[in-house]
Amino acid sequence: NAGVMQNPRHLVRRRGQEARLRCSPMKGHSHVYWYRQLPEEGLKFMVYLQKENIIDESGMPKERFSAEFPKEGPSILRIQQVVRGDSAAYFCASSPSGLAGGNEQFFGPGTRLTVL
Amino acid sequence: GENVEQHPSTLSVQEGDSAVIKCTYSDSASNYFPWYKQELGKRPQLIIDIRSNVGEKKDQRIAVTLNKTAKHFSLHITETQPEDSAVYFCAASIPGNTPLVFGKGTRLSVIA
Chain A
69 NAGVMQNPRH
79 LVRRRGQEAR
89 LRCSPMKGHS
99 HVYWYRQLPE
109 EGLKFMVYLQ
119 KENIIDESGM
129 PKERFSAEFP
139 KEGPSILRIQ
149 QVVRGDSAAY
159 FCASSPSGLA
169 GGNEQFFGPG
179 TRLTVL
Chain B
536 GENVEQHPST
546 LSVQEGDSAV
556 IKCTYSDSAS
566 NYFPWYKQEL
576 GKRPQLIIDI
586 RSNVGEKKDQ
596 RIAVTLNKTA
606 KHFSLHITET
616 QPEDSAVYFC
626 AASIPGNTPL
636 VFGKGTRLSV
646 IA
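The listed protein sequences derive, respectively, from chains A and B.
The first sequence begins at 69 in my numbering and counts up one residue at a time.
The second sequence begins at 536 in my numbering and counts up one residue at a time.
Fair warning: there could be bad hints in the mix.
[Unchecked claim] Here are the simulated BS3-like cross-link-like pairs (lysine-lysine), alpha carbons at most 25 Å apart as the crow flies:
hint, chain 1, residue 1, chain 2, residue 2
1, B, Lys603, B, Lys639
2, B, Lys593, B, Lys606
3, B, Lys577, A, Lys112
4, B, Lys639, B, Lys557
5, B, Lys557, B, Lys593
6, A, Lys112, B, Lys557
7, B, Lys639, A, Lys112
8, A, Lys95, B, Lys577
9, A, Lys119, A, Lys130
10, A, Lys112, B, Lys606
11, B, Lys592, B, Lys557
12, B, Lys639, B, Lys577
13, A, Lys130, A, Lys112
14, B, Lys593, B, Lys603
15, B, Lys557, B, Lys603
16, B, Lys592, B, Lys603
17, B, Lys603, A, Lys112
18, A, Lys139, A, Lys95
Hints listed in this document are in silico derivations from the structure and should not be mistaken for laboratory results.
Take these sequences, add in the hints, and give me the full structure.
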């Protein structure tokens, strides 16, 4: 029973390039969350998606960042024209469908993005 | 929106002693409070969680308490071991499938 999968684990990009991060949720999970973690800091919510829908993107910058979770395949977080400040660890988490009381979120291993 | 404060930011204890990490939250609608352990370069791992219908939950050497009136919750680790050394994050969320709001973390060092 595979957990949350993310790839690549490490990604190096030069300023101005595009970064594409992929996340496959746990089997049976239909909710995906992306979080960003800067060095020595906590995790900050970016975007929450279900299959083919963005539910909440309030934590994601309006420019250069986009996310999708297509009907088939992994969720993708895309960062266009990367800048040095985008260097961080990007984690995705997945959870099963909803109990009213809130749901456990299980994290993937993260993608560590370095912008040169 | 929700704001979660976590204290202390660093904590050193002798092996065998207890460690306590405290968090406060601002949104009275929050009802789910997980704790994550993150080792260097690894993913956050859920170690225990509590929902607002209980005041305390225990799992072996780890316990969490919740005071809804005061809007604070705490992680207690007893008989600490060197392998407990990590960064611990508290979080809170409102009902349903909603994002977690994290505290800034506590770096726990257990000294052998």
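Verification of the supplied hints:
Taking the CA atoms of Lys603 (chain B) and Lys639 (chain B), the gap is near 21 Å; set against the 25 Å cutoff, the hint holds. With a C-alpha separation of about 19 Å, the suggested pairing of Lys593 (chain B) with Lys606 (chain B) holds against the 25 Å cut-off. Simply put, Lys577 (chain B) and Lys112 (chain A) have alpha-carbon atoms about 16 Å apart, close enough for the 25 Å limit, and the pair holds. Restraint check: the Cα-Cα separation between Lys639 (chain B) and Lys557 (chain B) comes to about 12 Å, which is no more than 25 Å; the hinted pair holds.
Taken as a hint, the Lys557 (chain B) and Lys593 (chain B) pair is honoured in the structure, with Cα atoms around 16 Å apart against an allowance of 25 Å. Proximity of Lys112 (chain A) to Lys557 (chain B) is assessed by CA-CA distance (about 19 Å); at most 25 Å being required, the pair is judged to hold. Taking the CA atoms of Lys639 (chain B) and Lys112 (chain A), the gap is about 10 Å. The hint holds against a cut of 25 Å. Annotation: proposed proximity of Lys95 (chain A) to Lys577 (chain B) holds, straight-line Cα distance about 21 Å (limit 25 Å).
Distance restraint check for Lys119 (chain A) and Lys130 (chain A): the Cα-Cα separation of roughly 21 Å lies within the 25 Å cut-off, and the hinted pair is therefore satisfied. A threshold of 25 Å between alpha carbons decides the hint, and for Lys112 (chain A) with Lys606 (chain B) the separation of about 21 Å falls inside it, so the pair holds. Only pairs whose Cα atoms come within 25 Å are accepted, and Lys592 (chain B) paired with Lys557 (chain B) is accepted, the gap being roughly 15 Å. Between Lys639 (chain B) and Lys577 (chain B) the CA atoms are separated by roughly 16 Å; this keeps the pair inside 25 Å, and the hint holds.
With a CA separation close to 15 Å, the supplied pair Lys130 (chain A) and Lys112 (chain A) stays within the 25 Å bound. For the hint pairing Lys593 (chain B) with Lys603 (chain B), the CA-to-CA distance comes to about 18 Å; that is within 25 Å, so the pair holds. Of the supplied pair hints, the one linking Lys557 (chain B) and Lys603 (chain B) holds, its CA atoms being roughly 14 Å apart against a limit of 25 Å. With a C-alpha separation of about 14 Å, the suggested pairing of Lys592 (chain B) with Lys603 (chain B) holds against the 25 Å cut-off.
For the hint linking Lys603 (chain B) to Lys112 (chain A), the alpha-carbon distance of about 24 Å falls within 25 Å, and the restraint holds. Between the alpha carbons of Lys139 (chain A) and Lys95 (chain A) the distance comes to roughly 14 Å, so the proposed pair stays at or under 25 Å and holds.
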